[in-house]
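Order-wise, the sequence lines are chains A and B.
Per our numbering, residue 222 is the first one in the first sequence, and the count goes up by one each step.
Per our numbering, residue 222 is the first one in the second sequence, and the count goes up by one each step.
Treat the hints with care, since some could be wrong.
As the list claims (entries may be wrong) - Label pairs and their computed distance ranges (CB to CB): (1) Asp-289/B <-> Ala-390/A: 44 to 54 Å; (2) Arg-493/B <-> Asn-425/A: 56 to 66 Å; (3) Ser-405/B <-> Asp-271/A: 21 to 31 Å; (4) Gln-490/A <-> Lys-543/B: 15 to 25 Å; (5) Glu-276/A <-> Ser-405/B: 30 to 40 Å; (6) Asp-301/A <-> Ala-390/B: 49 to 59 Å; (7) Ala-534/A <-> Glu-404/B: 53 to 63 Å; (8) Glu-403/B <-> Gly-283/A: 24 to 34 Å.
As the list claims (entries may be wrong) - Taking lysine-lysine pairs in the PhoX-like style, the calculated list, with each CA pair at most 25 Å apart, reads: (9) Lys-479/B <-> Lys-392/B; (10) Lys-299/A <-> Lys-392/A; (11) Lys-543/B <-> Lys-479/A; (12) Lys-470/B <-> Lys-495/A; (13) Lys-312/B <-> Lys-495/B; (14) Lys-407/B <-> Lys-299/A.
FYI, nobody ran anything at the bench for these hints, they're computed from the structure.
Note that CB positions come from ideal geometry on N, CA and C, so glycine has one too.
There are 2 protein chains.
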Amino acid sequence: MARIAFDAMGGDDAPAATVAGAVEALRSHGLRAILVGVESRIVTQLRALDVREDEFEIVSAGSVVEMDEAPAAALRQKRDSSIVVAAELVKNGRADALVSAGNSGALMAAGVLVIGRAEGVIRPALGGLLPAANGPTFMLDIGANTDCTANELVQFAVMGSIYMQRLGAVKDPTVGLLNVGEESMKGNRLYREAHELLRQSGVNFVGNVEGMEILAGSIDVVVCDGFTGNIALKAMEGVADFAFRELRKGVESSLASKAGALLMRGAFQGLRRKFDYAERAVAPLLGLKGQVLIGHGRSDARALANGLATAQAAVDAGLVEKMSNSLRTTPANASQPKEA
Amino acid sequence: MARIAFDAMGGDDAPAATVAGAVEALRSHGLRAILVGVESRIVTQLRALDVREDEFEIVSAGSVVEMDEAPAAALRQKRDSSIVVAAELVKNGRADALVSAGNSGALMAAGVLVIGRAEGVIRPALGGLLPAANGPTFMLDIGANTDCTANELVQFAVMGSIYMQRLGAVKDPTVGLLNVGEESMKGNRLYREAHELLRQSGVNFVGNVEGMEILAGSIDVVVCDGFTGNIALKAMEGVADFAFRELRKGVESSLASKAGALLMRGAFQGLRRKFDYAERAVAPLLGLKGQVLIGHGRSDARALANGLATAQAAVDAGLVEKMSNSLRTTPANASQPKEA
């Protein structure tokens, strides 16, 4: 049984949403997470849900990294924060995975500084599941590394492929390199070099993919640096927000469209769900010695329960060991990490 | 009166759409473009529209750069192509601007190699008008330069500001730097350096903006390198396509939603128009000795007529001179262009 350290203080609505999520994970998935946080506040929430406090192991943490705190300073100053304490449980082998909807910068920093990189990994990468025409597309890096080398992009491709094989049930995931054109000489220096390395990397590399192909559904793993990936992802969120907002304005301008919108409610909800799916899914931080999964700050109890289930699946699939085994032996590992 | 060289052979449906566009520009805007292309084919199209061929000046070009040709090779081999001949009209002072919906790579190359950079400009940039909540947002570079320096990004900010002042009627355009977070130390090395330079640049710099703010309507000019900008722009197009496609699937799954969609037709068309607007607008290539405007390959006659009108407005506004005057005197000009 996977042991999961769950940051009970992380997220906009913590600890209410987190404790409710832990309870839901126990009831729906039989999954008993280790609750890390301010004990009295956790107990209050458990009681409010009529759950006996000895149903869960609670590991006490004295402070909380706020959502808008500068990550590096927060980690230095708050050694007893729920994020650091939960990361230490993983480091010390008392937990296999860490799930948190807290400050994502602090979580990435704690992943590297407390848990540590898996053997063979140059840099961990943050992955995101996006809705696509036929099942989700996995994109990485979406924000862990703003300056990348070509070797790092190759490692992201390997880690993304393993993730989609093991957790996405895709047999031989196709990998595309996000770029400005299909031809191999397209892109900036970094991407031209990465293209060449990917061709020799052993992943199922299908070539460059442009921005409009991310959601088209033909690529399982989209590889990019964390700067480009983060901007592309947020630009996509912006379009969805813009479209729903403008459509609402259009609907409110006439009675006929209002009636039409009511009749179309099912179709709209279906589309909303596809976009929410991405927001609800936890983002795995890949390439550490233990599995870290980062939830959206706005995650509700159900999203967090799903996040805990994903963590369990990742541990059961042996994701961390599989990635380390693959990356120890890839050529990319021959080069040294380049420090910024 | 602005003299505009119009590539009659450029675009998926040329010369039918281009000649029809030129005729529409003459009728709607009183704008008599110089038609550049294979004379016999242009004359055939004019006759099909019942227009006398002496209504237009036709400049003969013997060949056509196809949409999928490699730009550099095409320019070398097709010195008599409509793109090169039209660019030479601008170079020789016989035209003030060039409008084409042809091969955009070849147009950018012809802009630099034939027309040449305006004094003070390190690299020209391609701009795009995007639909936003309150009037369009101008984003640049969206694809002319895949490797940029911080000084180039500052010049893009200056050129974008002048464009929105002169053609967007925005008095003091706000400029945002596309980035992964608001804080000044966010981003990769290039963007951290650009942020510092922009603060001292004299443009109305409001700081970093994230991807979801591009369409939010609070920023007039969004500055980025051409690699990031191109990927973000196409990712945004991909979301719009995905959303319309998924919604159509949802609508077709029930009679009620079909009826609803009919009632909502006006609202949908309004939203479609906002997205089409971006596709219909010509993209200005800024920073050359003459104004070049690049239309989408799928542009129809009306989009091309609008493109010709935009070219006229750009010439009337003295855009080229204004940019050159501003950039000759900005500090960014102190550094030398860095060749890839």
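Taking the hints in turn, this is what the structure says about them:
| no. | hint | in the structure |
| --- | --- | --- |
| 1 | Asp-289/B <-> Ala-390/A: 44 to 54 Å | violated, 37 Å |
| 2 | Arg-493/B <-> Asn-425/A: 56 to 66 Å | violated, 36 Å |
| 3 | Ser-405/B <-> Asp-271/A: 21 to 31 Å | violated, 48 Å |
| 4 | Gln-490/A <-> Lys-543/B: 15 to 25 Å | violated, 50 Å |
| 5 | Glu-276/A <-> Ser-405/B: 30 to 40 Å | violated, 46 Å |
| 6 | Asp-301/A <-> Ala-390/B: 49 to 59 Å | holds, 56 Å |
| 7 | Ala-534/A <-> Glu-404/B: 53 to 63 Å | violated, 35 Å |
| 8 | Glu-403/B <-> Gly-283/A: 24 to 34 Å | holds, 30 Å |
| 9 | Lys-479/B <-> Lys-392/B | violated, 45 Å |
| 10 | Lys-299/A <-> Lys-392/A | violated, 43 Å |
| 11 | Lys-543/B <-> Lys-479/A | violated, 48 Å |
| 12 | Lys-470/B <-> Lys-495/A | holds, 13 Å |
| 13 | Lys-312/B <-> Lys-495/B | violated, 35 Å |
| 14 | Lys-407/B <-> Lys-299/A | holds, 22 Å |
Violated hints for the displayed structure, listed by number in ascending order: 1, 2, 3, 4, 5, 7, 9, 10, 11 and 13.
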